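Please take these sequences and the hints and turn them into a complete structure.
If you're matching them up, the sequences are chains A and B in order. In short: position in the first sequence from 1, add 31, done, that's this note's numbering. In short: position in the second sequence from 1, add 34, done, that's this note's numbering.
One should not assume that every hint holds.
SDA-like, lysine to any residue: derived pairs with alpha carbons at most 25 Å apart [claimed, not checked]: (1) A:Lys193 - A:Leu183; (2) A:Lys124 - A:Ala103; (3) A:Lys46 - A:Phe63; (4) B:Lys57 - A:Leu76; (5) A:Lys46 - A:Phe274; (6) B:Lys57 - A:Glu105; (7) A:Lys124 - A:Phe289; (8) A:Lys99 - B:Lys57; (9) A:Lys124 - B:Ala65; (10) B:Lys57 - A:His120; (11) A:Lys124 - B:Ile64; (12) A:Lys124 - B:Ala72; (13) B:Lys73 - A:Gly113; (14) A:Lys191 - B:Ala50; (15) B:Lys57 - A:Gly109; (16) B:Lys57 - A:Tyr187; (17) A:Lys99 - B:Tyr58; (18) A:Lys99 - B:Glu69; (19) B:Lys101 - B:Gln116; (20) A:Lys200 - A:Ser300.
Simulated from the structure, these hints should not be mistaken for lab results. Quantities reported herein were computed from a predicted structural model and do not represent experimental measurements.
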Amino acid sequence: MSSETAPANMTEYIKHHLHHLQVQVPGTEGQFWLLNIDSIIFKLLACVLFVWVFLRVSRRATAGVPGKLQCAIEMVVGFVDGMVRETFHGRSKLIAPLSLTIFGLVFLMNFMDMLPVDWLPAAGAAAGVHYLRVVPTADINTTFGMSIAVFLLIQYVGIKHKGVGGFFKEWFTAPFGPVFAPFNLLLRLIEEAVRPLSLSLRLFGNMYAGELIFILIAVLTLGASLEHFSTYLLGVGQFIAGFVWTAFHILIIVLQAFIFMTLTIVYLSMAAEHH
Amino acid sequence: MNPNITLVVQGLAFFAVAWIVMKYGWPHIIAAIEERQAKIAEGLAAADRARQELADADARVADEIRKARSEATAIIEKATQQANQLVEKAKTDAIVEGTKQKAIAAAEIESMAHRAREELRGKVAALAMAGAEKILKREIDANAHKDLIDQLVSEI
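As structure tokens, then:
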């Protein structure tokens, strides 16, 4: 049995698959100054694709009979716009396009998980790239980067809607009144810290786990040869497991993109409201 | 999975995309959607109007038909009445004419009967005179006995 004879090989395979393509930022030292090139490249690809499609459609957008692509984009735009209108009280030109961007980008990045787990890394290996992780949202740097961006936006929206004075006054007076000022501040800090963490870890955890399961399914026939009967059994098993998990994952990638977007809207809406 | 400088790059990329979308994409799409919504609303309103107009026209047509039908009924009734009147008039005319003819015929009969009676009376007087001549065996002076003869004639 291949999986029994090659445990080291299997560990190696998984480790290899979970290793980023990294470069050290020139003139620096230490773990923090590593750049995950693969995440950045695939994220940029997602960005370019998203911006290209969206701008192309929006440039040609007509009020007449729309094309299929325009229709699809309009449905998403209408959906996001409706959500923002429902959740975010008070108009803001920023929130709806921002939410759409989050949804589109997260979905596109999540979608990389749908590609067979070995294709791009194998192609990379053939081209001389030894490590390649293709799902940017399975990298905590991507999700954390986005959630920190959202965190900054929350502060920005808060200051914009309440003014600097009102914004900082709220730190000490809400929710228990000025008497409990230190307690309020502590609560506020925890709340603000928890938001980006939960936002990023939720997405990261889901996508990382999804990727890991794809890897484990791929491991079923790792190093197998056609001479063993078990290869055929495991091959069928791998096909069924891969099929089921891929189908299920379609749901997850949309759902996670939706959750990230919705929570962003909710957080921004809360930041804009007076307590 | 250690956090590193990548997250800064990712955050910046995200901001850039959001900014581009907000600035160059979103307004066009929303404008197109809103314009189409207005168009659709307009179209629906026009359809409603057309439906209303059609209903009005239908009502008008139905009204016209009803009116025409009642007019036709009235005309037919009038014609029938006229016909009846004509028939009645002809009938009464016929009756009047018949009565007149009958009266004329009756008068004629009367006059003829009278004449016959007069004639008969004259003949009876002559017969009576002839009879009396035979009885008296002489000629009676008709003039001398005119009174007598006349009396006799009136007694017959």
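Evaluated hints:
With a C-alpha separation of about 15 Å, the suggested pairing of A:Lys193 with A:Leu183 holds against the 25 Å cut-off. Straight-line distance between C-alpha atoms of A:Lys124 and A:Ala103 comes to about 22 Å, which keeps the hinted pair within the 25 Å bound. Under the criterion of a C-alpha separation no larger than 25 Å, the hint pairing A:Lys46 with A:Phe63 is consistent with the structure, at around 20 Å. Under the criterion of a C-alpha separation no larger than 25 Å, the hint pairing B:Lys57 with A:Leu76 is consistent with the structure, at around 20 Å.
Restraint check for A:Lys46 and A:Phe274: satisfied, since their Cα atoms lie roughly 24 Å apart, inside the 25 Å limit. About 17 Å separates the Cα atoms of B:Lys57 and A:Glu105, which keeps this hinted pair within 25 Å; it holds. This hinted pair checks out: A:Lys124 and A:Phe289 have alpha carbons roughly 20 Å apart, not beyond 25 Å. At most 25 Å may separate the alpha-carbon atoms for a hinted pair to count; A:Lys99 and B:Lys57 meet this at roughly 24 Å.
At roughly 13 Å between alpha-carbon atoms, A:Lys124 and B:Ala65 fall within 25 Å of each other, so this suggested pair holds. For the suggested pair B:Lys57 and A:His120, the alpha carbons sit about 22 Å apart, so the restraint of at most 25 Å is met. Pair hint A:Lys124 plus B:Ile64 holds up; C-alpha atoms about 12 Å apart against a cutoff of 25 Å. Annotation: proposed proximity of A:Lys124 to B:Ala72 holds, straight-line Cα distance about 21 Å (limit 25 Å).
Restraint check for B:Lys73 and A:Gly113: the C-alpha separation of about 20 Å stays at or below 25 Å, so the hint holds. Note on A:Lys191 and B:Ala50: the hinted pairing holds, with a Cα-Cα distance of about 20 Å set against a maximum of 25 Å. Restraint check: the Cα-Cα separation between B:Lys57 and A:Gly109 comes to about 17 Å, which is no more than 25 Å; the hinted pair holds. With a CA separation close to 18 Å, the supplied pair B:Lys57 and A:Tyr187 stays within the 25 Å bound.
The hinted pair formed by A:Lys99 and B:Tyr58 meets the criterion: a straight-line CA distance of about 21 Å does not exceed 25 Å. For a cut-off of 25 Å, the pair hint linking A:Lys99 to B:Glu69 stands: about 18 Å separates their Cα positions. Taking the CA atoms of B:Lys101 and B:Gln116, the gap is near 23 Å; set against the 25 Å cutoff, the hint holds. A C-alpha spacing of about 18 Å is found between A:Lys200 and A:Ser300, which places the hinted pair at or below 25 Å, so the restraint holds.
No hint from the list above goes unmet by this structure.
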